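Student: Quick note, the sequences are listed as chains H and L, same order.
Using our numbering, you'd call the opening residue of the first sequence number 1 and step up by one each time.
Using our numbering, you'd call the opening residue of the second sequence number 1001 and step up by one each time.
Keep in mind that the hints were calculated from the coordinates and are not lab data.
All figures in this text were calculated on a predicted structure; none of them were measured in a lab.
Among the hints, a few may not be true.
Here are a few chain L residues that face chain H, going by a calculated C-beta distance under 7 Å [what the hints assert, rightly or not]: (1) S1044; (2) L1048; (3) V1050; (4) E1132; (5) Q1133; (6) S1136; (7) M1139; (8) G1141.
Capping the alpha-carbon separation at 25 Å, the derived lysine to any residue pairs in SDA-like fashion look like this [stated by the list, open to error]: (9) L/K1021 <-> L/S1044; (10) H/K187 <-> H/L261; (11) H/K65 <-> H/R32; (12) H/K51 <-> L/G1026; (13) L/K1051 <-> H/Q91; (14) H/K46 <-> H/R20; (15) H/K51 <-> L/S1233; (16) H/K84 <-> L/D1143; (17) H/K84 <-> L/I1031; (18) H/K46 <-> H/S92; (19) H/K221 <-> H/Q91; (20) H/K221 <-> H/K84; (21) H/K46 <-> L/T1131; (22) H/K51 <-> L/E1124; (23) H/K84 <-> L/K1047.
Just so you know, even glycine gets a beta-carbon here, dropped at the ideal spot from N, CA and C.
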Amino acid sequence: MTDTDNVIEISHLAFSRGERAIFKDINISIPRGKITAVMGPSGSGKTTLLKMIGGQLTPDAGGVKVSGVPVAGRSRKALFAMRKKMGMLFQSGALFSDMSVFENVAFPLQVNTDLEPSLINSIVLMKLQAVGLRGAVDLMPSELSGGMARRVALARAIALDPEIVMYDEPFAGQDPIGMGVLVTLIKKLNQSLGHTSVIISHDIQETLSIADYICIMAEGKIIAAGSAQQIRESSSAQVQQFINGHPDGPVPFHYPAEDYLAQLKG
Amino acid sequence: MNYIDKLFDFLALLGHAGISKLAGLGRAAIILGYALVAWPQPKSNFKLVVKQLYNVGVKSLLIVAVSGLFIGMVLGLQGYTILVDFGSEQSVGQMVALSLVRELAPVVTALLFAGRAGSALTAEIGLMKATEQLASLEMIGVDPLRRIVAPRLWAGFISMPILSMIFAVVGVYGGALVSIEWLGVYSGAYWSVMQGAVDFYDDVLNGVIKAVVFGIAVTWIALYQGLESIPTSEGISQSTTRTVVYSSLIILGLDFVLTALMFGDV
Chain H
1 MTDTDNVIEI SHLAFSRGER AIFKDINISI PRGKITAVMG PSGSGKTTLL
51 KMIGGQLTPD AGGVKVSGVP VAGRSRKALF AMRKKMGMLF QSGALFSDMS
101 VFENVAFPLQ VNTDLEPSLI NSIVLMKLQA VGLRGAVDLM PSELSGGMAR
151 RVALARAIAL DPEIVMYDEP FAGQDPIGMG VLVTLIKKLN QSLGHTSVII
201 SHDIQETLSI ADYICIMAEG KIIAAGSAQQ IRESSSAQVQ QFINGHPDGP
251 VPFHYPAEDY LAQLKG
Chain L
1001 MNYIDKLFDF LALLGHAGIS KLAGLGRAAI ILGYALVAWP QPKSNFKLVV
1051 KQLYNVGVKS LLIVAVSGLF IGMVLGLQGY TILVDFGSEQ SVGQMVALSL
1101 VRELAPVVTA LLFAGRAGSA LTAEIGLMKA TEQLASLEMI GVDPLRRIVA
1151 PRLWAGFISM PILSMIFAVV GVYGGALVSI EWLGVYSGAY WSVMQGAVDF
1201 YDDVLNGVIK AVVFGIAVTW IALYQGLESI PTSEGISQST TRTVVYSSLI
1251 ILGLDFVLTA LMFGDV
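Produce the complete structure using the sequences and hints provided.
Tutor: Here it is, written out as structure tokens:
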């Protein structure tokens, strides 16, 4: 097999919602054990991409392969088996609101393994220790701050020691300290647990500081790919606008409209 | 030319609406199919069903019992004032019991059940969808149809007929309270006429069948609307409203059909 080093292979992916084409021709190889970031403006379909890797959405053309096997076309059972090897951190945390922190982290272990309750107890405490929230084990999700909820969700995502951990906007809406904590955690967990990390984000500095490999997506295509250094030095005006946050450029400030003067004159 | 274009546009619109309605029906059928397969089993989901029985059934008990009492009292009062003109006020027990077991208990309980439990189910599932809890269950490798939807459906199926029977019993006592204690109907007549007139198979069992059918309809609609809701505050409020409106209409429509089938040949 040629792709032993790439745990996820996305090739010629196309997808549209109604009339709007979200992906036109996306090709990304995600190397094993590294942190890969997919960046792009809001509405560029980053979350949709994660849903396709997890098999929650089916592409119109092209495909996603995880560990060399196509995701689309798997039976429901095979799909759920594949997902047990994946952890996903949702943007909202997505903690189960009727379960305590402990129950949330224990849940994947209880439903997917036959481990003894005492062993599950130890694993949950270890995962919570890793994200610094062992003291919050008995709290309910409604009692957690936004940053804490996301760390609990991270502990739940890594509970089964997955091969792939996907992060959907992990830094969105975090205060500076929470952001710093998450950046460090993602890097540390990636190094110590050896899983493959996929980050979807538009927080440039945080993402560039930890990602080994970065793709920038816009208008349904990959417009740049490479290391943080290569992205910073990219000659593409679109990439420069995105990473430096210029208000006007290839992506125009104005939403397409008829001629200004003509409209004012009626 | 213009007319033909408009006609084609209209046909396309019609076809599109038809296809999307049909697809919706298909998804609803899948929900029901999955739930029927995932019937309560002591090993896997018994605890979940019991928890939902509490949420859906026990918590609806108060409103159902109080409504039953008042409706029974009103039936006693109205029945007495009509029957006394014919000198047959001793038959008020028969009138109260037959109206309740055949008609009012299943219908009114189902309407109350749609408002109390159906709307809550839709809002709960809709919010789970909006906060990505359903998506995160899928990513953990747990099928939300089995884990979340099936126990709720079964709880609805089981609790609705029981609630309807409680409604009828309380109503009969409400009728007795008014006719015997207040209006002075002889208690022996009230109970013995009722006992002679109410048939177990024709009346009681048919009433229970109605309640079972309404229970399936209301819970099914509520869960489908929750799963299909647009995950925004406006979308969830619309779905909740739809649950109550559709359920109420379906209950009344089905009631006519069932009544015609059960009692129409007299």
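Student: Indicate, hint by hint, whether the structure satisfies it.
Tutor: Structure-based check of all given hints:
no. : hint                : in the structure
1   : S1044               : 10 Å, violated
2   : L1048               : 11 Å, violated
3   : V1050               : 14 Å, violated
4   : E1132               : 4 Å, holds
5   : Q1133               : 5 Å, holds
6   : S1136               : 4 Å, holds
7   : M1139               : 4 Å, holds
8   : G1141               : 4 Å, holds
9   : L/K1021 <-> L/S1044 : 34 Å, violated
10  : H/K187 <-> H/L261   : 52 Å, violated
11  : H/K65 <-> H/R32     : 13 Å, holds
12  : H/K51 <-> L/G1026   : 23 Å, holds
13  : L/K1051 <-> H/Q91   : 29 Å, violated
14  : H/K46 <-> H/R20     : 15 Å, holds
15  : H/K51 <-> L/S1233   : 23 Å, holds
16  : H/K84 <-> L/D1143   : 12 Å, holds
17  : H/K84 <-> L/I1031   : 23 Å, holds
18  : H/K46 <-> H/S92     : 15 Å, holds
19  : H/K221 <-> H/Q91    : 23 Å, holds
20  : H/K221 <-> H/K84    : 29 Å, violated
21  : H/K46 <-> L/T1131   : 18 Å, holds
22  : H/K51 <-> L/E1124   : 23 Å, holds
23  : H/K84 <-> L/K1047   : 24 Å, holds
In this structure, the earlier hints numbered 1, 2, 3, 9, 10, 13 and 20 are contradicted, and the remaining ones agree with it.
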